[in-house]
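Q: Keeping their order, the protein sequence lines are chains A and B.
With the numbering used here as the guide, the letters of the first sequence map in order to residues 1 to 112.
With the numbering used here as the guide, the letters of the second sequence map in order to residues 1 to 111.
There is no bait here: all hints are sound.
Listed next, the stretches of chain B that the computed footprint assigns to chain A, with coverage defined by at least 3 CB atoms under 8 angstroms from CB atoms of chain A:
#, stretch
1, 25–34
2, 40–47
3, 90–104
Pairs of lysine-lysine, DSSO-like flavour, derived with a Cα cap of 30 angstroms:
#, chain 1, residue 1, chain 2, residue 2
4, B, 37, A, 57
5, A, 65, B, 40
6, A, 65, B, 3
So the derived list for chain B, only partly shown, Cβ under 10 angstroms to chain A, looks like this:
#, residue
7, 4
8, 6
9, 9
10, 50
Everything labelled a hint here was simulated from the structure, so no lab data went into it.
Virtual Cβ for every residue (Gly too), placed ideally from N, Cα, C.
In case you want the letters, here they are:
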Amino acid sequence: EAQVTQNPRYLITVTGKKLTVTCSQNMNHEYMSWYRQDPGLGLRQIYYSMNVEVTDKGDVPEGYKVSRKEKRNFPLILESPSPNQTSLYFCASSWDRGQPQHFGDGTRLSIL
Amino acid sequence: EDKVVQSPLSLVVHEGDTVTLNCSYEVTNFRSLLWYKQEKKAPTFLFMLTSSGIEKKSGRLSSILDKKELFSILNITATQTGDSAVYLCAVVPNTGNQFYFGTGTSLTVIP
Chain A
1 EAQVTQNPRY LITVTGKKLT VTCSQNMNHE YMSWYRQDPG LGLRQIYYSM NVEVTDKGDV
61 PEGYKVSRKE KRNFPLILES PSPNQTSLYF CASSWDRGQP QHFGDGTRLS IL
Chain B
1 EDKVVQSPLS LVVHEGDTVT LNCSYEVTNF RSLLWYKQEK KAPTFLFMLT SSGIEKKSGR
61 LSSILDKKEL FSILNITATQ TGDSAVYLCA VVPNTGNQFY FGTGTSLTVI P
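Isolated chain B, as found in the complex (with noise of 0.2 angstroms):
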């Protein structure tokens, strides 16, 4: 059975600090992986990862894509409290339509 396990749950930082959140998947052939942020209501994209785009950056949000270990990550620079919210991992699989997606690493950024 398809799975996508992010780690960790939840995580408290201070403004200014970088963190790291996991997404690992196992996936029967593996097509496109896709963070999303979530803060009160509907989950937000921020970035897409398949086999040709393993690195992504914007501002100071980048992840890669480790295609080989079958994992994902995201980080973020210079946290703000605006970065906190959930942030949710799905990974596609080239067969089947379906998105699977991970329980979510709950971010809390102290002033």
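Extracted from the complex, chain A is given alone in its bound form (with noise of 0.2 angstroms):
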């Protein structure tokens, strides 16, 4: 089954300690993305990767890190959680830029 996987689904931490997300998808795509979900915001990208050690800034980079050092994963990473980093946040793919992306089920992160 084509799907696109995050981990954690939930996570409550604390300011500055670090964490990842995984994301992992099995359809071979080359364009994977990282999104925050926020009430009356909607889905704004994080970063994007356009095949493998290629990654670059989407409109709201910053206190986030990603690498793509294979093509079926793209983690995220916050180095530094801050509370103003609490937000849903999906992961996608597609097989090139422009065309429909398959969205993870979200994490949903929650930092104290």
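Dock chain to chain to rebuild the complex, using the hints, since each chain is given by itself in its own frame.
A: The structure is reproduced here in structure tokens:
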């Protein structure tokens, strides 16, 4: 079954404690991206990757890092999380930019 | 700055009604516009519209793209309670590799 898998699905943590949200896709897609979704602000792109070792900033990259060492995986790293990063996060992939994206089920992060 | 605006923000209708959702955009050098439906969790893809495909239809849902006036509409006829969701519009320019989403329209269909 074609899918994008994110882990964890829920996380409550404290300010400053590094965390990683993993994302894996099994569709051999070239393009992967991370979004955060906040009430009234919609989906905003954090980072995206056109292919292995190629990543670029979206609209809201501050406080986040990503890496793309393998085609299927695109982890999101929060080195020093802060409360303003409390949000619902989605990973997505597509075979090319501009094409329909498959979304993971989301990760709800709460930073206290 | 590229921008996508959806209207209305929310809508409550009765089963059987027809609804029209709007998405206007200001994007440099348009490539594609995509509609998604988001229920409890992940957005799911509905339609993609491009310069070569400005009208799409699937069952009770249809969408058109007006490239001259820079907007798209999503029509849902004979609405059902299962249509209750947030509908998202996203635009991709030809330059750059980003997706730009609107804030969505929340649709509630009452039995």
